[in-house]
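Participant: One-letter residues, chain by chain:
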Amino acid sequence: MLAVCGGVGLTIMICITVFAIKYRRRYEGQLAIETHESPWAEWGWTIVPFFVFMVMFYWSAIIFFKHTTIPKNTLDVYVTGKQWMWKFQHLDGQREINQLHVPLGRPVRLVMSSEDVIHSFFVPAFRIHMDVLPKKTSYTWFEATKTGTFHLFCSQYCGTEHAGMIGSVIVMEPQDYEKWLISNSQGSMAIRGQELFNKLACNACHTGNAQARAPYLNNLYRKPITLESGEQVIVDENYIRESIYKPNAKIAAGYANIMPSYEGQLTEEEIQLLVAYIRAMGSGFDQMPPVSNPTGVQPYPAGGNPDGSLPYKAGQANQTPATGVPAPKAPTSAAEAPKAPQSSKTQPSKKE
Amino acid sequence: MTPAATVKFPEKHYLNEGFGWKSWLLTTDHKRIGLLYLVSITLMFFLGGFFAFLIRLQLLTPHGEFLKGDTYNKIFTMHGVVMIFFFLIPSIPATLGNFLLPLMIGAKDLAFPKINLLSWYIFIIGAIYVLWIIMVGGLDTGWTLYTPYSTKYSNTNVIAATLGVFVLGFSSILTGLNFIVTTHKMRAPGMTWFRMPLFVWALYATSLIQILATPVLAISMVLLAAERFAGIGIFDPALGGDPVLFQHMFWFYSHPAVYIMILPSLGVVSELIAAFARKKPFGYKFIAVSSMMIAIFGFLVWGHHMFVSTMSVYAGMVFSFITYFVAVPSGVKVFNWTATLYKGSIAFDTPMLYAIGFIGLFIIGGLTGLFLASMGLDQHLHDTYFVIAHFHFVMVGGAVMAYFGGLHYWWPKMFGRMYPEGWGRLSALIVFIGFILTFFPQFVVGYLGMPRRYYIYAPEFQVWNVLSTAGSTILAIGYILPLFYLFWSLKYGPVVDNPWNAKGLEWTVASPPPWDNFAETPVVTEDAYNYPLHPMGEEPQLAPGQDPMPGYRMPSETGATGD
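If you read the sequences in order, they're chains A and B.
The numbering of the first sequence is the working numbering, which starts it at 70 and goes up by one.
The numbering of the second sequence is the working numbering, which starts it at 499 and goes up by one.
Please keep in mind that the hints were generated in silico from the structure rather than gathered at the bench.
There's no promise every hint is true.
[What the hints assert, rightly or not] Each computed DMTMM-like pair below joins lysine to aspartate or glutamate, with the alpha-carbon atoms no more than 25 Å apart: (1) B:K841 <-> A:E230; (2) B:K778 <-> A:E97; (3) A:K91 <-> B:D568; (4) A:K151 <-> A:D245; (5) B:K572 <-> A:E297; (6) B:K989 <-> B:D568; (7) A:K151 <-> B:E509; (8) B:K783 <-> A:E106.
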């Protein structure tokens, strides 16, 4: 791209310079020389660039398509943009601000929403960029191919401290990541979501038995359901949020419009907890041990990197089978380590 | 340039038709209104430039020692608002266009002279209003006014600003309307569509955009104010609205608006290239039609500002696809200008230097637009300094260069006096060098990932920002210089009539033109740019100093009836 554009640009500039020198006016009153206006040239430089542009379009559209098609079996991290910080919730329970720890060589899906204005999640090194909207979930993904610390910026202007809404993405070796993940965990998102679910008395109707007045939520996440209108929708973050805020908008077939709205009562982070609970329902979640009061959890302080010395809570690594985080194993990580340098995503590719 | 020994300053002209403030403020003469605009937008240009300079000063260091976040946000917002709405949009159409359109098509005035004056008053009201907003606390939403920040979270004067933009829009609409009617109804006999100068074509295309797109901006501003003021849910998701809807509406105006800014410049450059190569532009019809194509396609590409706004991937593809369509006619123009130079008789007076500078910068600005139009790349470059550099290359490198070029070219026409050529060339050179130094580093720093609208930034970006700030001081000198020598020339410049020996109806009347432009309506009998040429195959073999076509220099002799 740079080569084509640069080449064309330079050629024209050279032509202009050459013509400007060769045909400069040498004496007062010199006339231009009559030239033949060739329609071939005219149509040529109309049509040829058009085809060149089409190639560029095709190329970039393919790249974009790859960028926006999220692979399956991603590691999901929930992201909240808020004036002026980035908050992250890992399904296994870690919470952080302005720092995102991710493992090497594993596709990570970011499930993002904003508490207030539009932000934009921008990691230059990963070539990812996606707006984070209030009350709407957007997704992006990346797969880190190098360990290290990378800039994270908010690139959509969001107010006074827009420039301060920055952070870092820390890419760790998978075994280090596993260590980090369990180092200060305070109960998985699903467990905190369950607490909230019960506190809001959602379980009064969404009981999960045959007489329930509300849909059975087990195994619903990312599955299609049928609405009253016969339409099918996928139960994703946006549908769950809408069903909490505007329950009468899209009613599941066979149920009455009786659910009250929770508009204004929940933060985006709490919505994420409920989502995490719903996605964990029906996947062996019931066997999880209860944890201490989740409201007491403080976000992990920015800048502190846990060294693994904090107490490890037994059983938590496998609490949420939905994520399928494998336990750290020395052989696999050793096999993965050499992969690191061959990166196509972190290397700035000039050709694009 | 011919020595102006024989040229006499005309006794009666539009400048001495009346004196006193009333004769200016109540004038309906398009030439005087053009000058009123010239004065007002010059003030706005330097105001906007002052804000730009504060921005560059702030970004000299990464830690933000100069301004606080809120102040910085207000300054870049006001820089954008002032430069776009008060300088770039009215710049060429309202000054040069106002002055030249009737002269170029052989009319005595615009179709609606009083509406023309009204549009200037609306402009001034809008301008004063915005200045007042700056005084009482500013605006910090960015010129893009994205919701829900602007409707709910900003603590600044959003409603007042939207009202200012709303009012201002009418000025733009009225000017556009006036130009369209004038072009349709008031062309001199014989002035067919394909005999019109390319500048008129460009103005016509611009006017179409102005009257079709600006109302959408007005509507979005009203909706925005309604939501902020009365809590009517349109854009705020908490009220059931959609914040991305605002972006669609805003860019539906604001993308065509960039063509309001650049199309007239393309027209000016076509004029300059023709005049200083003494040649009819290669592919005249293609250039004319390409202006219209740009205007039409320009309406269909707004979504390319929103590739990462969670808009559907397929919608993004359509917008990206159509964006490449716009690039074709822009490319056609550049190729044609280059071909026009071929075998021309090229003089390097100040306007031509500006025009060549324009082409160089426009090529860079346009080609980097292709980078941004490709979705895969925009993923990375969106909202970084790469975008800033791209649109400054087009808007400042393009529109402002062409505006200065046009101003120098028609300055003798406006005032009958010549500016000092040496100073003019110097300023063109300084502007070009200063510009490259200011904005080229921004491509690099944007590619490296520096987001826009940051008042503090990562330290590794500093070196590029220092370069950019250094360039901006050079650029400032280049812009201030003409202010002085152009003023000087009003009184002391040598008297000239048609210093370029240029063709075109505007050069057939005296400089400065009489009050009513043409004593009798001219009859056009030849195509535009009908410069005498050496016949093909016969290279000029004249001794230096010998004039191949004696008498050509007196336009009154060669083109009395026509062109």
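Participant: Each hint needs a verdict: does it hold in this structure or not?
Facilitator: Here is what the structure says about each hint:
1. About 57 Å separates the Cα atoms of K841 (chain B) and E230 (chain A), which puts this hinted pair outside 25 Å; it is violated.
2. Restraint check for K778 (chain B) and E97 (chain A): satisfied, since their Cα atoms lie roughly 19 Å apart, inside the 25 Å limit.
3. Straight-line distance between C-alpha atoms of K91 (chain A) and D568 (chain B) comes to about 54 Å, which puts the hinted pair past the 25 Å bound.
4. Of the pairs offered as hints, the one joining K151 (chain A) and D245 (chain A) is violated, with about 29 Å between alpha carbons and a cut-off of 25 Å exceeded.
5. Distance restraint check for K572 (chain B) and E297 (chain A): the Cα-Cα separation of roughly 50 Å exceeds the 25 Å cut-off, and the hinted pair is therefore not satisfied.
6. Distance restraint check for K989 (chain B) and D568 (chain B): the Cα-Cα separation of roughly 45 Å exceeds the 25 Å cut-off, and the hinted pair is therefore not satisfied.
7. With a CA separation close to 69 Å, the supplied pair K151 (chain A) and E509 (chain B) exceeds the 25 Å bound.
8. Proposed proximity of K783 (chain B) and E106 (chain A) is supported: the alpha carbons are some 12 Å apart, at most 25 Å.
Comparing the model with each numbered hint stated earlier shows that hints 1, 3, 4, 5, 6 and 7 do not hold.
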